[in-house]
Amino acid sequence: MQMLEEYRTKSYRNDLRPPVDANLVKDKTAIVGIGQTAYSRNAERDELDLACEAIKKAVDDAGLTMADIDGLEALTLDRVSMPTLIGSLGIENLRFTSEVSFGGGGACALVMHAAAAVATGAANYVVVYRALNEASGHRYGRGDGYAEYLTAAPTLHYGYYFPYGFLTPLSWAAMYTKRWMHEYGIKLEDTGWYSVVLREYAQNNPDAIFYGKPLTIEGFHESPMISAPLRLYDCCVDTDGAAAVIVTTADRAKDMPHAPVYIAAAAQSSPIETEIQTSYNRPIVAGLPETWYVGQELYRQSGLGPADIDVAQLYDPFSYGAMIQLEELGFCGPGECVDFCLGGDRIRVDGDLPLNTSGGLLSEAYIHGVNLVTEAVRQLRGTAYNQVADAETAIVTAGPGLPTSGLILRK
Amino acid sequence: MTTPGEPEAPTVPHPALWAVLYRSSTPFWEAVARHELSLQRCSGCKTWLMPPRPMCPRCQSAESEWVPVSGRGKIHSWVTYPESPHPAFEAPYSVILVELDEGVRLVSNPSGIAPEELEMDMPVEVVFEDVSDDFALYKFKRAG
Ligand SMILES: [Zn+2]
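In order, the protein sequences belong to chains A and B.
The first sequence begins at 1 in my numbering and counts up one residue at a time.
The second sequence begins at 412 in my numbering and counts up one residue at a time.
These are computed hints drawn from the structure, not numbers from a lab.
C-beta atoms are modelled at their ideal positions from N, C-alpha and C, and glycine is treated no differently.
Heads up, some of the hints might be wrong.
No more than 20 Å apart at the CA atoms, straight line, and that leaves these computed lysine to aspartate or glutamate pairs for EDC-like [what the hints assert, rightly or not]: (1) 457/B / 5/A; (2) 187/A / 530/B; (3) 187/A / 527/B; (4) 57/A / 207/A; (5) 187/A / 513/B; (6) 254/A / 273/A; (7) 485/B / 183/A; (8) 457/B / 207/A.
Distance ranges between label pairs, derived from CB positions [to be verified]: (9) 121/A / 501/B: 56 to 64 Å; (10) 493/B / 216/A: 21 to 29 Å; (11) 501/B / 155/A: 24 to 32 Å; (12) 468/B / 224/A: 36 to 44 Å; (13) 542/B / 22/A: 53 to 61 Å; (14) 156/A / 495/B: 40 to 48 Å; (15) 333/A / 514/B: 24 to 32 Å; (16) 120/A / 495/B: 26 to 34 Å; (17) 504/B / 187/A: 25 to 33 Å.
Could you build all of it, start to finish, from the sequences and the hints given here?
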């Protein structure tokens, strides 16, 4: 078998996957609480402080007390010490903890793992959270964290990249984006609408970093080229803040303050030869196979297809990272995503596919994708600032170009 | 000289010092230091293993061989840094992704090609630049 044959031939092998009727997460688990801090450029607070506030708000939102919480789910790279957090929150007897790898690629896997814990009876109510001082503190995106990549479990291929000054996540993304544009004949002047529409969404979202700061298409094209073809306003917004959600079983969710948001599907994917944003030895540099696999698995589990999705929250570390996902998830054909976003109408709130309706990671905040989960929950509760009429299904994805994850949520 | 009580300026290691993060990388860089480009290949199914690693991901064989390659290929993509993210690199500089004739893609720097001269699928060939007595980098110049 060739590497990534399913992806190359776009033929997902359902027969290789576990039977859907044995899935304990699908429709049997739900998100019942959400919370967040203010999102800012400089919180002047520790990440521990931010995490406590977001988690307490999520617990309150779910109508629970801290005594009900018995599970905690974090990213491996979260800088809050878990024992310190447990002590600060006052969780009497935590029974389940787990950590998910892959940074932003793990955002939806956090929810998936929490759901697996409650579905199997390991815990009753699991908190998922992310807290970071990305703006004022450690700045992954700026590349000054490269030495840190080498500490715990350095990725093998960095030894072949760092000696050449290939040091920043944005440049790693620009490398494959440039090839993608070349292969599909994408014109730079047609780009920018994704960023403009997300900034429009942020104008109605007082929690967004870019609230009160609109962006025109001309303003986009005048913004500085950071790493060609990526401009400043193609990039996500470094943020200080935290967000949290509470996951429990569908049975418990029925008697809680908010209408449950059910998990209709949850998936992770780490295809062979997938590196952390530098997967240059896969057959196709200009593609996101991990997102394709996650999409196929989400559709298989949920029984839904792209046409059934009412609203999408796609992880956008930079504009193309979200747009190429539109292709891999079947919302448009290969090489068509820039056309799909041209003029912006298709991705606006009343369009074919309202996309990143809080402003996304580009214009609301960069809470490592956990803020995309909270926005999907608001959409399905009917409480979003940019509410999609009658939204019943939402797709959420995690970081593209690295081992990733995704969710389909429903009312 | 620093006076007592005055902190010394922090030293920033050159990223080349991070080339060998795993023992499986040692033969590769030793060959480069001799100005040879050799890649690891699975002895069983002949899959190229780049970066070098202890086991073949296709057939799980632990047997491999080091095979000299042509050093010729094409520029598959590139990026240019208008500002340097690290004091060891002087901006503007470019990083290229080269697809070797053997099909393996390598990250490198262009040698003697200005950022504005880079083109998709430009034919290139390997050159070597010594960094120290026992360490060199492979780079790529326009194919002759
Ligand atoms: Zn093999």
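Outcome of the hint check:
no., hint, result
1, 457/B / 5/A, "holds, 18 Å"
2, 187/A / 530/B, "holds, 16 Å"
3, 187/A / 527/B, "holds, 18 Å"
4, 57/A / 207/A, "holds, 15 Å"
5, 187/A / 513/B, "violated, 31 Å"
6, 254/A / 273/A, "violated, 42 Å"
7, 485/B / 183/A, "holds, 15 Å"
8, 457/B / 207/A, "violated, 55 Å"
9, 121/A / 501/B: 56 to 64 Å, "holds, 59 Å"
10, 493/B / 216/A: 21 to 29 Å, "holds, 24 Å"
11, 501/B / 155/A: 24 to 32 Å, "holds, 26 Å"
12, 468/B / 224/A: 36 to 44 Å, "holds, 40 Å"
13, 542/B / 22/A: 53 to 61 Å, "holds, 56 Å"
14, 156/A / 495/B: 40 to 48 Å, "violated, 25 Å"
15, 333/A / 514/B: 24 to 32 Å, "holds, 27 Å"
16, 120/A / 495/B: 26 to 34 Å, "violated, 50 Å"
17, 504/B / 187/A: 25 to 33 Å, "holds, 27 Å"
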